[in-house]
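Protein chains in written order, with my numbering: chain E, 1140 to 1333; chain G, 1140 to 1333.
By construction, these hints were calculated from the structure, which means they are not laboratory data.
Watch out, some of these pointers could steer you wrong.
A pair holds if it fits inside one copy or across any two, identical chains being indistinguishable in the list.
[Said to hold, decoys possible] Computed list of lysine to aspartate or glutamate pairs in EDC-like fashion (alpha-carbon distance at most 16 Å, straight line): (1) K1220 with E1236; (2) K1250 with D1162; (3) K1154 with D1321; (4) K1220 with E1197; (5) K1219 with E1197; (6) K1160 with E1323; (7) K1188 with D1256; (8) K1154 with E1323; (9) K1160 with E1229; (10) K1154 with D1318; (11) K1219 with D1162; (12) K1188 with E1287; (13) K1188 with D1212.
Protein chains: 2
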Amino acid sequence: MNFLEERIVKDGIVKPGNVLKVDSFLNHQMDIRLMEEIGREFKRRFGHKPVNKVMTIEASGIGIAAFVAREFDVPMVFAKKSKSINIAGEMYVAEVESFTHKNKNQVIVSKNFLHADDHLLIIDDFLANGCALQGLISIANSAGATIEGLGIVIEKGFQTGGQIIRNLGYQLESLAIVDAMDAETGTITFREQK
Amino acid sequence: MNFLEERIVKDGIVKPGNVLKVDSFLNHQMDIRLMEEIGREFKRRFGHKPVNKVMTIEASGIGIAAFVAREFDVPMVFAKKSKSINIAGEMYVAEVESFTHKNKNQVIVSKNFLHADDHLLIIDDFLANGCALQGLISIANSAGATIEGLGIVIEKGFQTGGQIIRNLGYQLESLAIVDAMDAETGTITFREQK
Chain E
1140 MNFLEERIVK DGIVKPGNVL KVDSFLNHQM DIRLMEEIGR EFKRRFGHKP
1190 VNKVMTIEAS GIGIAAFVAR EFDVPMVFAK KSKSINIAGE MYVAEVESFT
1240 HKNKNQVIVS KNFLHADDHL LIIDDFLANG CALQGLISIA NSAGATIEGL
1290 GIVIEKGFQT GGQIIRNLGY QLESLAIVDA MDAETGTITF REQK
Chain G
1140 MNFLEERIVK DGIVKPGNVL KVDSFLNHQM DIRLMEEIGR EFKRRFGHKP
1190 VNKVMTIEAS GIGIAAFVAR EFDVPMVFAK KSKSINIAGE MYVAEVESFT
1240 HKNKNQVIVS KNFLHADDHL LIIDDFLANG CALQGLISIA NSAGATIEGL
1290 GIVIEKGFQT GGQIIRNLGY QLESLAIVDA MDAETGTITF REQK
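All chains should be built: construct the whole structure from the sequences, respecting the hints.
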């Protein structure tokens, strides 16, 4: 097990319905030393790529992406979620439909901060169905930017989001891939990764 | 001028209606080196206090608070905004009415991450009317936690939020206090601070 899998086993809580609560260290309360370690690990995995910007989406991606950007010494941009505001012209907008909540959201990034010569590392805390990542990829493509890779802290391997993005040919790195969870015993099965 | 005021003059954009856009370095695209400098400056101002936790509110406070928490070597908790979800019991909830938008929002923090023995430094990017900060103070009080201070990156000194919080007796430190802006000339007048 790597450092993150160990932390998930120690402090993660499995709830019925395939819910993994990691809000004591990742997405409500944040362990800053862990964020730094996550930043260093993504630098190790993507450091050979010419990344000049880290992109994420509000809210819980922000803290993680900030420490990844720190390792690369590049700026970080976070996309905003919005309910169909009309802001055409100045913004790249991706419309994203949630499988889980059945609602539509817009993901927006100002055209000032994303350009055709950008080489992006896209970061988020969780990947399940992948709606948020699909929105970020769409926005990067609208800008003509190059996606150098995508880094996820925890991927739910039993949902389809990760496979879709790998099928699309992107380098997707998840620090922990959860293949199964059992709420009764609290056990978590991680996918073996090289 | 301090480092932040200099950056605001260099890259901030004054828009009609007393709008100050700092989204190129603070709350959409983030300059990580600046975040680190902000973290160090709040450590300098509050380092004598027994801070054991940094608290902020999503979304744009998160990146800043993370680097403040890093300087103090303590965890960071970010409050979530929600539209009247019924989550009584497990959460501290503050109902906050926006002066600007006339709508009500709930600010919520899990009871797992805020306790009576916590000594909080509350951080946010902007302070205008102060609704968000009022919600965070309310939540800290609900938990019986001690508020050691509040740190703001940019305060709009011509609005009432800062004065109210200082009147309440809290140590409120704003790295830049904007007393006036002129959208026609682009000039920004900062309050002199010792």
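Do the hints match the structure? See the list:
When the C-alpha separation of K1220 and E1236 is checked against a cutoff of 16 Å, the pair qualifies only within one copy, where the shortest distance is 12 Å, while the shortest distance between copies is 21 Å. In this homomeric assembly, K1250 and D1162 come within 16 Å of each other (Cα to Cα) only across copies, at 12 Å, whereas the closest approach inside a single copy is 32 Å. Taking CA atoms no more than 16 Å apart as the test, K1154 paired with D1321 passes inside one copy only; the shortest distance there is 8 Å, against 53 Å between copies. For the homomeric pair K1220 and E1197, the shortest alpha-carbon distances inside one copy (7 Å) and between copies (12 Å) are both at most 16 Å.
Within a single copy, K1219 and E1197 get their C-alpha atoms as close as 6 Å, and across copies as close as 11 Å, so both meet the 16 Å cut-off. Taking the shortest alpha-carbon separations for K1160 and E1323, only the intra-copy value of 14 Å comes in at or below 16 Å, while the best inter-copy value is 50 Å. For the homomeric pair K1188 and D1256, the shortest alpha-carbon distance inside one copy (14 Å) is at most 16 Å, but the shortest distance between copies (45 Å) is not. In this assembly of identical chains, the alpha carbons of K1154 and E1323 lie at most 16 Å apart only when taken from the same copy (8 Å versus 56 Å across copies).
Taking the shortest Cα distances, K1160 and E1229 sit within 16 Å of each other only across copies (14 Å), while inside one copy they are farther apart (37 Å). For a Cα distance limit of 16 Å, the shortest separation of K1154 from D1318 inside one copy, 15 Å, qualifies, whereas the shortest one across copies, 50 Å, does not. Taking CA atoms no more than 16 Å apart as the test, K1219 paired with D1162 passes between copies only; the shortest distance there is 12 Å, against 21 Å inside one copy. Taking CA atoms no more than 16 Å apart as the test, K1188 paired with E1287 passes inside one copy only; the shortest distance there is 6 Å, against 43 Å between copies.
Within a single copy, K1188 and D1212 get their C-alpha atoms as close as 13 Å, which meets the 16 Å cut-off; across copies the closest is 31 Å, which misses it.
When held up to the earlier numbered hints, the structure conflicts with none and fits them all.
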